[in-house]
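J.: Chain by chain, the residues run as shown.
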Amino acid sequence: MKTKHLTLTFFVLIALTVALFTVDLATGSVYVPIGDVVNALLGEKVSSKGLKDIVLIFRLPKALTALAGGAALSTSGLMLQTLFRNPLAGPSILGITSGASLGVALVILGAGCGLSGAGFLGDLGLGGNLLLIASSALGAAVVMFMVLILASRVRNIMTVLIVGILGSFAISSVVSVLVHFSRPEMVQAYLAWTFGSFASVTWDQLKVFFPLTVTLVATSTLMGKPLNVLLLGEDYSRSMGLDPWKIQMLVLGITAILVGCVTAFCGPIGFIGIAVPHLARALLGTSDHRILLAANALLGSSTALLADLVAQLPGYRAILPMNAVTALLGSPVIIWFILKRSRKGSGPFV
Amino acid sequence: MEAEDPLAKKRLEGVHVMRVVREVFLLPLIGIFFLCPLALGYSVEFSKNFTIDEIAPGIVKVVVSNPWRGADGGFCYILRDKGAKGVVLEKGCEVVDVPIRSMVVLSSTYYALIDALGATDLLIGASRPQRANTPSVRKGYLAGKIKDVGDGVDVGVETIYALKPDVIFTYATGGVRDAHPKLKEAGLRVVVCAEYMEEHPLGRAEWIKFFALFFDRYDRAQSLFDEVVKSYNRLTQLVDTASKGLRPTVITNTPFAGRWFVPGGKSFIAKILEDAGADFLFKGTNTSGSIPMDIELVYEKGLNADYWVNTGTWTSLEDIERSDPRLMRLKAVREKRVYNNNRRVNNEGGNDYWESGVLRPDRILEDLVSIFHPHILKGHTLFYYKRLE
Chain A
1 MKTKHLTLTF
11 FVLIALTVAL
21 FTVDLATGSV
31 YVPIGDVVNA
41 LLGEKVSSKG
51 LKDIVLIFRL
61 PKALTALAGG
71 AALSTSGLML
81 QTLFRNPLAG
91 PSILGITSGA
101 SLGVALVILG
111 AGCGLSGAGF
121 LGDLGLGGNL
131 LLIASSALGA
141 AVVMFMVLIL
151 ASRVRNIMTV
161 LIVGILGSFA
171 ISSVVSVLVH
181 FSRPEMVQAY
191 LAWTFGSFAS
201 VTWDQLKVFF
211 PLTVTLVATS
221 TLMGKPLNVL
231 LLGEDYSRSM
241 GLDPWKIQML
251 VLGITAILVG
261 CVTAFCGPIG
271 FIGIAVPHLA
281 RALLGTSDHR
291 ILLAANALLG
301 SSTALLADLV
311 AQLPGYRAIL
321 PMNAVTALLG
331 SPVIIWFILK
341 RSRKGSGPFV
Chain B
1001 MEAEDPLAKK
1011 RLEGVHVMRV
1021 VREVFLLPLI
1031 GIFFLCPLAL
1041 GYSVEFSKNF
1051 TIDEIAPGIV
1061 KVVVSNPWRG
1071 ADGGFCYILR
1081 DKGAKGVVLE
1091 KGCEVVDVPI
1101 RSMVVLSSTY
1111 YALIDALGAT
1121 DLLIGASRPQ
1131 RANTPSVRKG
1141 YLAGKIKDVG
1151 DGVDVGVETI
1161 YALKPDVIFT
1171 YATGGVRDAH
1181 PKLKEAGLRV
1191 VVCAEYMEEH
1201 PLGRAEWIKF
1211 FALFFDRYDR
1221 AQSLFDEVVK
1231 SYNRLTQLVD
1241 TASKGLRPTV
1251 ITNTPFAGRW
1261 FVPGGKSFIA
1271 KILEDAGADF
1281 LFKGTNTSGS
1291 IPMDIELVYE
1301 KGLNADYWVN
1311 TGTWTSLEDI
1321 ERSDPRLMRL
1331 KAVREKRVYN
1341 NNRRVNNEGG
1351 NDYWESGVLR
1361 PDRILEDLVS
1371 IFHPHILKGH
1381 TLFYYKRLE
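As given, the protein sequences belong to chains A and B, one line each in that order.
Those letters in the first sequence? Residues 1 to 350, by our numbering.
Those letters in the second sequence? Residues 1001 to 1389, by our numbering.
For reference, chain A alone in the conformation it holds in the complex:
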């Protein structure tokens, strides 16, 4: 029975992801007839070159980015929630996103302050700028590492969370000082980056982004057992012959790369990382990571694709900032979770 239910759930999730992926390819600000979309994908003749470009160099990389990015964010969210045993843990709350933001702010805004030379002005476009991606990933990794060291010292996961939140405020304040002293056009570029978007990733970048994130997400789905053990506490994991420190390091390492990678290429995309794991748990009715991880990744992809769809405002010329959409979709989920939890009393956290 249970296996049947599971199979069905996974089937629905995969179908949902495929459907959203298809709709994302087929819709946008420009009307492309569905026949042209299919022809473009199959390499057949399309009624105009412009429409072919739209599908192949704009929509397809964007949809693939959303697919991989959504899975990456929800996976890191789930793993962090388990690691810290806190339902509100997530990349943006632990300061990891702020770390990445600081890295990017230093590159974009630091240029304005004369840190990287005046010739940088022309490099504002994020695309193709490996420096930005590297600094973002580095920023995320540094913060993750600090959180990790702290975690090993204080041995109280709640303290780690609080310090992470406060640390992220501190990092944000450094960013705001940079913003404050920067030229308006630099600030605008930085703000545009903070809105988040899947649309600016090019094929060249996708060649790095997609394999990296997909491999890490796939690897993480194999970590169900150690994560289940982690959920039961460090003493338990030691009794099981697993070194909790090693698992923690591995989880933090994977999440740092995932979050750093997504944040670098797409900007700080909020709420998917926090909200999707709750949805996944509710949907599957289990906290067993062996199944949860894969379902959560699929759900993350779907959510990201849906957010991208909504942000495009099909039928309108204007588009919405991605983060506004993920927050609108994500916050009700979190609120619902908190209300449900408080009604139940203090049950198991996940």
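Just to be clear, a hint being listed does not mean it is correct.
[Claimed, not checked] Under the rule of at most 35 Å between Cα atoms (straight-line distance), these lysine-lysine pairs were calculated in the DSBU-like manner:
1. A/45 / B/1336
2. B/1244 / B/1266
3. B/1266 / A/52
4. B/1331 / A/207
5. A/49 / B/1301
6. B/1266 / A/49
7. A/52 / B/1386
8. A/52 / B/1336
9. B/1386 / A/49
10. A/49 / B/1336
11. A/45 / B/1283
12. A/45 / B/1301
13. B/1061 / B/1164
14. B/1331 / A/49
15. B/1301 / A/52
16. B/1283 / A/49
17. A/52 / B/1283
18. A/52 / B/1331
19. A/207 / B/1336
20. B/1184 / B/1082
21. A/45 / B/1331
22. B/1378 / B/1283
23. A/207 / B/1301
24. A/49 / B/1244
I should point out that these hints are in silico values taken from the structure, not numbers from a laboratory.
Because the structure is a prediction, the values reported are computed rather than measured.
Go by the hints and put chain B onto chain A.
T.: Same frame as chain A, now just chain B:
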């Protein structure tokens, strides 16, 4: 008898004629003499965001409307000549004694207007004057006469207070970060300008009249502005006759993170592109602000555009490639017809396009005409614009 005397008749007629002359011409002439400032003195032709009314001899009421997008009201100033008798108080209007003796300006877009009126001497503080291109402002800053008072978000209220300027010229966006409420609270006289909200290129330049009222140099402003109008109109007529209805298509601005902010069809840039004889591909939108569009939309529409202008901070085609290689497929890029308005950017990042360009839309237009219709202005050297190589 009298009637038979031709001379007498003539004399009588003469008196009559005289009376007619007096009544028909002289009285109105006297009237015109007195009413002159009202009827002929002040005029605003292109600007939509300020009006000038002489409400009494030597007392002028200036109303700034539409200071920001979606603004409810405006600002009213009563400018009183030092010699003028009496004060006209109107509710909600601030009284300013003119000519003013000192000022602080919080936008570099006013520099050229002030400079052209020969009033830079009155300038004692400005936002980031080190970025100025206007020579007199640069000189004043280097000589220590013009202090840096910080900019928009970071205005040094204390610095300005210590300078005690007669007037602070600033702009407002309607947000909480606007400088004017705090400066007003400190008892300083703040004048909010709305030149950046003007939709007609000549409407921005006409703000020279607004500034001139504060320096008592209206006539100078009028004659300077008339020259600009003449020059601008000469160019548009030239385009009308010489372009033979040929309108190359053009797109503007640059995408960032998937969004492409496209100026609306009612904007300053849409108007000047139209006047330059180009077909702005997004002229149909009904706003003067910018619209964040999806990159795919602008790409699809602009793929075969002949020209691409106002490309942000880019200085070379390489910048485009680095920013987003997909944009290299645009026809304007392939055929190297990308022009940016950053030829006159100084080392501090100040762009003269936003300084002297405010006063000289005719020069901007001249550049654009020579870009879109090279055969019309043969041998023209670009002033604000630069071709990306």
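J.: Hint numbers the structure violates, sorted upward?
T.: The structure conflicts with no hint, since it agrees with every one listed earlier.
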